[in-house]
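A.B. asks: Protein sequences, first through last, are from chains A and B. Heads up, the first sequence is in the numbering used here, so the first residue is 35 and it goes up one at a time. Heads up, the second sequence is in the numbering used here, so the first residue is 1407 and it goes up one at a time.
Everything labelled a hint here was simulated from the structure, so no lab data went into it. Beta carbons are placed, not taken as given, at the ideal position from N, Cα and C, and that holds for glycine. A few of these clues could be false.
[Stated by the list, open to error] Simulated restraints, written as ranges between beta carbons of each label pair: (1) B/R1503 x A/K339: 39 to 47 Å; (2) B/D1624 x A/A372: 28 to 36 Å; (3) B/L1581 x A/R166: 48 to 56 Å; (4) B/D1708 x A/P82: 37 to 45 Å; (5) A/R362 x B/D1708: 19 to 27 Å; (6) B/G1501 x A/R362: 33 to 41 Å; (7) B/L1486 x A/K339: 27 to 35 Å; (8) B/V1715 x A/R77: 51 to 59 Å; (9) A/K339 x B/R1571: 15 to 23 Å.
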Amino acid sequence: MRCVIAPVLCAGLLLGPLAGQAADEPLRSAVSTAWGAPFAQLRDGQSPEGLNIELIQLIAQQLRRKPVYVTLPRARLDAAAESGEIDLRCHVNAEWVRQPGSYEWSLPLWVLPEVLIGAVDTPALKRLGDLRLDHTVGTVLHYRYPVLDAQFSPGTWRRDDAPAVDRMLGKLALGRTQYAITTLFELNAFVFENPTRPLSEWRLSLGHVPYQCAAPKAGRLKGADLQAALQALREQGLLDALLRRHGLPTVAVVAAAGSELPALDREQLESLYLGRLRALEDGRVPQLMALSDSSLTAFSELVLKRSASQLRAEWSRATFSGSGRKPRLLDNAATLKAALRQKPLGIGVLPLHEVDAGLRILYLP
Amino acid sequence: MRNARVLALGLLTLLPPAWAEDKSWQLEGYGTLAAHLGDDPVVGVRGDGRNRNISLDGKVRFDGDSLLALQARYEPSESLHLVWQLLARDDVRYGQRPRTEWLYLGWDASPDLHFKLGRTALPVFLHSETRHLGYAQTTVRPVNSVYQLNPFTHVDGVALRHGRRLGEGDLRTELSVGSAELSLPSGTIDANAMASLALRWDGGPWALRAGMAEYRFDMHLANVSRLYDQLVSGGTACTNCAEVLAARAPLDGVKAHVSTLALLYESGSWSLNLEWAARRSNNSIVADASAWYLMAARRLGDWTPYVVVGSIHFKEPPLGLQTDPAAPAAAAQANALIDRYLQTPNDRRIAQLGLRWDLHPRAALKLQWERYRSTRDGRLGQSHYLEVPSPPPIGPYRGPSWDGTVNQLSLNLDFVF
Chain A
35 MRCVIAPVLC AGLLLGPLAG QAADEPLRSA VSTAWGAPFA QLRDGQSPEG
85 LNIELIQLIA QQLRRKPVYV TLPRARLDAA AESGEIDLRC HVNAEWVRQP
135 GSYEWSLPLW VLPEVLIGAV DTPALKRLGD LRLDHTVGTV LHYRYPVLDA
185 QFSPGTWRRD DAPAVDRMLG KLALGRTQYA ITTLFELNAF VFENPTRPLS
235 EWRLSLGHVP YQCAAPKAGR LKGADLQAAL QALREQGLLD ALLRRHGLPT
285 VAVVAAAGSE LPALDREQLE SLYLGRLRAL EDGRVPQLMA LSDSSLTAFS
335 ELVLKRSASQ LRAEWSRATF SGSGRKPRLL DNAATLKAAL RQKPLGIGVL
385 PLHEVDAGLR ILYLP
Chain B
1407 MRNARVLALG LLTLLPPAWA EDKSWQLEGY GTLAAHLGDD PVVGVRGDGR
1457 NRNISLDGKV RFDGDSLLAL QARYEPSESL HLVWQLLARD DVRYGQRPRT
1507 EWLYLGWDAS PDLHFKLGRT ALPVFLHSET RHLGYAQTTV RPVNSVYQLN
1557 PFTHVDGVAL RHGRRLGEGD LRTELSVGSA ELSLPSGTID ANAMASLALR
1607 WDGGPWALRA GMAEYRFDMH LANVSRLYDQ LVSGGTACTN CAEVLAARAP
1657 LDGVKAHVST LALLYESGSW SLNLEWAARR SNNSIVADAS AWYLMAARRL
1707 GDWTPYVVVG SIHFKEPPLG LQTDPAAPAA AAQANALIDR YLQTPNDRRI
1757 AQLGLRWDLH PRAALKLQWE RYRSTRDGRL GQSHYLEVPS PPPIGPYRGP
1807 SWDGTVNQLS LNLDFVF
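Modelling step: build the complete structure from the supplied sequences, incorporating the hints.
C.D. replies: Shown next as structure tokens:
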């Protein structure tokens, strides 16, 4: 292509869909009435707020389009997407929708750790199989819970639906349900906002699910444009900044999905990663790993309560004093994941968006 | 040193042919590029107490803290490892020649219990094991008011380390026994028995460390022997020098004990270190002393400004050297000065202001100003971090007296690789 006469026009053409798609075309983005803090707060007569809303705004800015929020109950979202009423869905994954094939999916932006919790005096469950089927589990209307359906036959466990996450947790706090299933992030936000409404101290980890965005094929957004916008946000650090702004972690301490290592607390990780102790309480000696990128800084500050430079100074002290060994530092997430798969006692630190189904979260800051 | 070389050669023989591709081998290192200057025309300053050269009257020296260290580590099995650390830094005995700082065989008897056999650091102070590793320290160098109390930087022997959970924190116990030879220009100090015990508890942002070390050594120092001969032979008309020196300053069978306490707070942007040490001995040359320092630092992104205050105080009673009444008054004055000198009356206070800049994940640049202020008889002569020329009859210096204050400015680039 020659751009001799009108280089400005040509530049616009070459920039492609990110800049070329009509800037005045609205980005119709789904907002679910079932969302709760920190993802969304919907108040009558007010504009929606929260992490999901800010994410939509960031994507729209990147696409140079104006966000328009289409607020719908959970039950209407699939139909709206399939009929072309919306261009963008976030806070979603393929297991939660009716027809995954009717969307173009982004890569996971991060993962959502799911937990089962109980009412304040409910005995702690060690594993999901201990759940009594005559007890009710608080759920959100029209939400799907594949992990419970995988443990028990669909329809055999008693769900008690609420219209939104915060209502579901409110019912649990009142003792109207024995258990509830939610994400750790929503649970923490509820506890923070409702310090006087008691819930159980224990949390049973149910694994994690990906948080993705999707462009309905019937809508007016191409999946490639969505992914390019998210990639640009990732590279600019805006996705991590978004998580930090809402008090969510950007890194996770993980092991291979099949690892028998137990969940760890912050103090145990501090002892291990600073080389004060080599073994876990049961005597097993884990192999420690981390990435030598910005996730190390986040891990150092969030978990070890030190700056990255302080951490490196401590590791150099251990290396050259013979008092311990620094963790193995790897160049990229794929290498670290491969190393974890090979080492049953491997523990690694990864950015939250790199956590996948082959990994198990041992600790979230 | 000879034993260390034999051990090092033994280690080398274990090198596999394709060692560079063998993950059981690791080669790492650290170093410092440094410049420092002292501003006093009478008293010189050193970067390290074992430096050959001093900075005097504003002359910049680059050999004070500059150093390079290489460490090879070989792990023949999961529980065994061999470590050889070579260090090259200006030294009063070895010059710039590399010397074996550490060479040991480590064995993990269990995840919590670790043994070392060979040459290791004597873990007396907080930074004893990393006193040359500037990158690991906030300040340019360990605060010398405390660190000069133990001249033995390594021990040839056995070391044990045990770690366990205690309360809300972790307890580490370190025990070390062995011997060492300290080389000086005028001879050697042979420590035929050294033992140290250190306990450190880390919990959250706090750490508490307590240590003790016992030494028994003989001094073979020509300059001290000459001074003794001069006193005992009646050169200063001393009537009781033979008895007093034998009782108070014997060159053989010296016993010393060092106790240490340290408290650390390190969390978020603030860092506080308080370290105290006391030394007791049966020899006035190894004077009883107590010393401390307090460091406060605040991290502001990659920048860490810090401030340090500290002091050292010697507590050696007079030896009571007596002069023949028939001798001239000058002889009595000389004996009184020598008596005073042998009490090591070099009390001083120190203050530091500094700035550390972590300019790279593996490098830090530090600028530090340090002020030494003599608080007692520092003009009689000393030779360590400060080089104070000795006036007659102790030394030949006849120039202007020191005003008791000297400033040292240091600029160091510390790195690890």
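A.B. asks: Now look at each hint and say whether the structure bears it out.
C.D. replies: Hint-by-hint comparison with the structure:
In this structure the supplied range 39 to 47 Å holds for B/R1503 paired with A/K339, their Cβ-Cβ distance being about 42 Å. With their beta carbons about 58 Å apart, B/D1624 and A/A372 fall outside the hinted range of 28 to 36 Å. Taking the beta carbon of each, B/L1581 and A/R166 are about 54 Å apart, inside 48 to 56 Å as hinted. Judged by the Cβ atoms, the range 37 to 45 Å given for B/D1708 and A/P82 holds: they are separated by roughly 38 Å.
Distance hint for A/R362 and B/D1708: a CB-CB separation of about 25 Å, consistent with the stated range 19 to 27 Å. The hint said 33 to 41 Å for the Cβ distance between B/G1501 and A/R362, and at roughly 38 Å that hint holds. The given range of 27 to 35 Å is respected by B/L1486 and A/K339, whose C-beta atoms sit roughly 34 Å from each other. One distance hint, 51 to 59 Å for the beta-carbon pair B/V1715 and A/R77, holds here, with the actual separation near 56 Å.
Distance hint check: the CB atoms of A/K339 and B/R1571 are about 19 Å apart, consistent with the given range 15 to 23 Å.
The structure is inconsistent with hint 2 alone, although it conforms to all the rest.
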